[in-house]
Amino acid sequence: MAWPHVILAVMMLGGLLPAKAAEPTPAEVFQKEAAAKYAAADQAKSTVVTGKDGWLFFSYELRSMSVGKFWGPDAVAVNRVAKPEVADAIPAILDFKRQLDAADITLIVVPVPAKAAIYPDMFTTAITTPEPRVDITHQAFYKVLAEKGVTVLDLTPVFLKQRAAGGPALYCKQDTHWSSAGCAVTASELAALLKDKPWLKPVARRKLEMIAKEIEITGDLWTMLNNPDLTKEKLPIQVVQERTKDGLAPFKPWRESPVLLLGDSHTLVFHAGEDMLASGAGLADHLALQLGFPVDVVGVRGSGATPSRINLLRRGDNLAGKKAVIWCFSIREFTEGQGWRLVPVIK
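Numbering (the working numbering), first residue to last: 70 to 416.
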């Protein structure tokens with residue numbers, strides 16, 4: 070008999086019975102999981118969260134992904150360490166853009182997505198697929214910047230598409246940084262943004278080639294975990310070298326290059342060697358391969374927000390000869406860094 074169902078439906082439509090609660094979105098599930106796992110790690114005085122299949126995640130990056138809106142009036146409340154007056158990234162980004170605009174220099178802001186945003190299913194069993202994207206707060210922030218005239222390379226959809234296509238992982242399992250493969254994908258996207266610039270044409274090209282290798286790394290998360298029984302990660306890298314009369318050889322960044330790569334250790338990993346895991350296989354190297362000439366690099370192992378621009382200021386050359394600045398840093402900078410000071414790079 071259908072009458073009870075009809076009566077129930079009428080009661081629900083009439084507001085006499087509460088409607089069924091909406092299912093949480095993947096982004097909401099992710100945010101809740103990130104907050105819970107950060108809290109558990111903090112309670113255990115650990116900075117590493119262990120995921121599936123050997124994936125390790127940095128607890129402070131998870132915190133950054135869990136706090137919600139981090140700009141405007143909300144910046145002070147969610148920034149973990151910055152002073153209130155420099156907690157919001159937007160004024161500093163717009164100020165830097167204004168300086169570069171006045172010097173006819175293109176700015177491209179490249180926030181590096183959280184590892185867990187690209188591999189959420191490796192971070193928690195509560196999510197079984199990487200799509201739809203879970204970093205919707207960052208997506209909204211990039212829209213705000215775009216509305217203010219800032220060019221932002223939003224890598225999340227690019228990386229999710231690349232992950233779905235298969236191939237090497239875009240991030241290291243045992244390190245906080247992206248992989249050499251992630252650098253290569255990013256370089257390709259950046260080259261596409263720059264390819265029609267008229268100042269590119271007269272720049273002399275060099276013969277650069279890529280060779281594949283496999284290396285073992287001592288990742289920073291592996292070190293933080295302090296478990297010597299855990300086997301170190303091996304991963305493929307794509308090394309870029311210059312073809313000379315004597316064969317392939319490493320090449321150095323070019324101080325006079327019209328393209329400057331600025332930022333945190335994501336500009337140095339797989340490029341600078343030693344604690345940066347390898348050399349010749351980072352973002353600067355792959356960008357050189359794509360453009361046909363080396364780029365200039367001002368990268369710091371600490372914060373890419375303010376210290377990198379201070380290092381640029383210390384050069385004292387007002388960015389003479391530069392045509393494009395690529396500002397690359399982890400999304401952690403928005404809530405976990407020392408803040409966003411205004412720096413008069415060009416005077």
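Since the hints were derived computationally from the structure, they do not count as laboratory data. Keep in mind that the hints are not guaranteed to be accurate.
[What the hints assert, rightly or not] For lysine-lysine, the following DSS-like pairs were computed, each having C-alpha atoms within a straight-line distance of at most 30 Å:
1) K264 / K217
2) K152 / K101
3) K276 / K217
4) K266 / K282
5) K282 / K212
6) K121 / K101
7) K230 / K217
8) K282 / K303
9) K301 / K270
10) K301 / K121
11) K230 / K264
12) K416 / K321
13) K101 / K114
14) K121 / K276
15) K264 / K138
16) K212 / K138
17) K392 / K270
18) K266 / K114
19) K138 / K230
20) K303 / K321
21) K303 / K230
22) K121 / K282
23) K266 / K217
24) K230 / K212
25) K114 / K152
26) K212 / K276
27) K266 / K101
28) K114 / K303
29) K266 / K392
30) K101 / K212
31) K321 / K270
32) K121 / K138
33) K314 / K264
34) K217 / K416
35) K266 / K212
[Claimed, not checked] Label-pair distances were calculated between CB atoms; the ranges are:
36) M279 / T220: 25 to 35 Å
37) E278 / K303: 22 to 32 Å
38) K114 / K321: 37 to 47 Å
39) G235 / N380: 18 to 28 Å
40) K217 / V98: 55 to 65 Å
Backbone N, C-alpha and C fix where the C-beta goes; we use that ideal spot for every residue, glycine too.
Hints, verified against the model:
no., hint, verdict
1, K264 / K217, "holds, 23 Å"
2, K152 / K101, "holds, 26 Å"
3, K276 / K217, "violated, 39 Å"
4, K266 / K282, "violated, 33 Å"
5, K282 / K212, "violated, 38 Å"
6, K121 / K101, "holds, 18 Å"
7, K230 / K217, "holds, 27 Å"
8, K282 / K303, "holds, 10 Å"
9, K301 / K270, "violated, 44 Å"
10, K301 / K121, "holds, 16 Å"
11, K230 / K264, "holds, 22 Å"
12, K416 / K321, "holds, 28 Å"
13, K101 / K114, "holds, 20 Å"
14, K121 / K276, "violated, 41 Å"
15, K264 / K138, "violated, 34 Å"
16, K212 / K138, "holds, 13 Å"
17, K392 / K270, "holds, 12 Å"
18, K266 / K114, "violated, 49 Å"
19, K138 / K230, "holds, 25 Å"
20, K303 / K321, "holds, 26 Å"
21, K303 / K230, "holds, 24 Å"
22, K121 / K282, "holds, 26 Å"
23, K266 / K217, "holds, 22 Å"
24, K230 / K212, "holds, 20 Å"
25, K114 / K152, "holds, 24 Å"
26, K212 / K276, "violated, 38 Å"
27, K266 / K101, "violated, 43 Å"
28, K114 / K303, "holds, 28 Å"
29, K266 / K392, "holds, 9 Å"
30, K101 / K212, "holds, 23 Å"
31, K321 / K270, "holds, 21 Å"
32, K121 / K138, "holds, 28 Å"
33, K314 / K264, "holds, 28 Å"
34, K217 / K416, "holds, 23 Å"
35, K266 / K212, "holds, 24 Å"
36, M279 / T220: 25 to 35 Å, "holds, 27 Å"
37, E278 / K303: 22 to 32 Å, "holds, 23 Å"
38, K114 / K321: 37 to 47 Å, "holds, 41 Å"
39, G235 / N380: 18 to 28 Å, "violated, 38 Å"
40, K217 / V98: 55 to 65 Å, "violated, 31 Å"
Taken one by one, the earlier hints fail for this structure at numbers 3, 4, 5, 9, 14, 15, 18, 26, 27, 39 and 40, listed in ascending order.
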